[in-house]
Every structure is written in C-alpha cells, then in structure tokens.
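Undergrad: Assemble the whole structure, with the sequences as input and the hints as a guide.
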Amino acid sequence: MGSRGKQHFSHHHVLISLNDDEGVPNICKACNQLISENFHGCILCKFYLHNVCMNAPRSLEHPSHPSHPLALLPSPTYSNQSYTCSACGIEGKGFSLSCAHCEFDLHVQCSSLPNTLVLDKHPHELKLIYNSPYEDKSTKFSCDLCCGVMKHNHWLYFCEVCCFKVHLDCATFKICSKEDSNEQGKGKQKAKIKVDRNVEMLQKYQAHQAHRAKLKVLAAAEDLEWIMYCREQNYF
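In terms of UniProt numbering, the sequence shown opens at residue 1 and continues consecutively.
Take these hints with a grain of salt, some might be off.
What the hints assert, rightly or not - Here are the simulated DSS-like cross-link-like pairs (lysine-lysine), alpha carbons at most 30 Å apart as the crow flies:
hint, residue 1, residue 2
1, K151, K137
2, K140, K127
3, K93, K46
4, K127, K151
5, K140, K121
6, K121, K151
7, K93, K165
Derived by calculation from the structure, the hints in this document are not laboratory data.
TA: This is the structure:
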C-alpha cells in the first residue's frame with residue numbers, strides 16, 4: 001500500500017496508491033471492470049480507480065466529434081443512470097467523456113484507443129475509423145474475426161488494403177483459452193472467451209506517448225492473451 005495520496009474530482013476523499021498484492025477483486029468505479037494491477041483508491045469507501053481512468057483528461061477534443069470538446073463526467077446525466085458509448089455501442093454506467101449538446105458519449109477506454117493497430121493474424125496495419133467504410137451507409141457488413149454484425153455508426157479497425165474489418169472489442173479485449181467439460185463427459189474442448197477490456201494494456205499504451213499512434217497487438221500462441229507492442233522501441 002502506498003502512502004502518497006491524490007485528490008480526484010469524482011470522490012471527496014484523497015485516493016492513495018494501492019496494489020493488488022492481497023488478491024481481493026476490486027472493481028474500478030470509472031469503467032466497472034476488474035482491477036488487476038496498481039491502482040488508486042479510498043479504502044474507507046471502497047472506491048477504486050485504474051490509474052489510466054484516474055488520469056483521464058477532464059476535457060478532450062476528439063477527432064470523432066470535432067464540433068465540441070468532450071467533458072469527463074463521473075456518472076451519467078441521463079435519467080436511466082446509464083449511457084450508450086457512441087464508439088462501441090456498449091452501455092456504460094461509470095465515467096464518460098461526453099458532449100451534452102449532442103448526447104455523444106464515450107467510454108474512457110474508447111476515447112484513448114490507438115489510431116492504428118497490427119494484429120498478429122493479419123498482415124496489414126489496421127486504421128481506427130469512426131463509421132462504416134462504405135460510401136453506401138446502408139451496406140451490411142460483419143467483423144472478420146467474430147463474424148458478428150457491425151453497425152454503420154460504430155467505430156472499427158479497418159484495413160484499407162483488403163477491406164478487413166474488426167470490432168473494437170475484438171481488437172482490444174484480452175483473449176484467453178478456457179477448457180470446459182461437456183455434459184456427456186466426452187472430454188474437454190477448448191473455447192476462446194472474451195474477458196474485460198484490457199485496461200492495463202491501454203494504460204501502458206497511454207504511458208508510452210512517444211509512439212502512441214502505432215502499436216501492435218500480438219496473440220501469444222500458448223495462452224492467447226493479447227498484448228500491445230511498440231514496433232519502434234520493442235516496448236510492451
């Protein structure tokens with residue numbers, strides 16, 4: 001446990017630096033995802049934040065929404081106490097970067113996604129785009145990793161060379177392998193499962209500002225856990 005604290009606008013007590021040595025599962029109040037590395041928190045209130053969420057900017061000018069700057073809000077302002085992320089379409093109940101004029105809201109993680117990625121299973125660089133790559137916005141298309149339907153107004157990673165398209169979550173979620181026994185007991189079958197958005201991956205990415213535009217995602221062959229990699233400095 002650390003001794004130096006920081007005041008954060010979202011909480012009335014000073015937040016101190018903590019670590020996950022005790023192995024007790026803690027949930028980040030900003031993104032509602034599990035914390036597994038060093039973080040900040042208030043033990044008295046059980047209020048915890050990923051470092052990357054705690055350091056999110058209070059105001060952000062994002063190229064996806066050039067009309068107005070986005071303000072960091074500690075909780076949704078809508079009557080149902082939730083919002084739908086304009087980038088990925090997934091509901092959020094924690095922090096958001098929002099434009100009140102346009103009802104435009106982003107998860108903190110989505111707001112800081114890299115402009116380009118290289119997936120280990122694809123030969124070309126993927127570019128982050130903010131809507132359908134097709135001129136005809138009514139064109140239906142699907143993710144080339146999970147085969148799920150993609151919405152024309154959601155962000156995606158796109159290969160301009162071969163029209164390869166990937167959901168944000170498919171490109172940036174941790175992937176691990178899981179062995180389950182079937183009901184008949186005929187052995188174990190491996191299944192890939194998605195777990196929470198890799199916040200620590202984005203945290204390392206944000207800390208590596210010198211080459212933040214281009215990072216590579218590597219899929220480790222053995223455990224299928226994806227990590228980010230800077231090709232210019234061999235930085236993980």
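Undergrad: Now tell me, hint by hint, if it's right for this structure.
TA: Each hint tested on the structure:
no. : hint        : result
1   : K151 - K137 : 10 Å, holds
2   : K140 - K127 : 20 Å, holds
3   : K93 - K46   : 17 Å, holds
4   : K127 - K151 : 17 Å, holds
5   : K140 - K121 : 24 Å, holds
6   : K121 - K151 : 23 Å, holds
7   : K93 - K165  : 28 Å, holds
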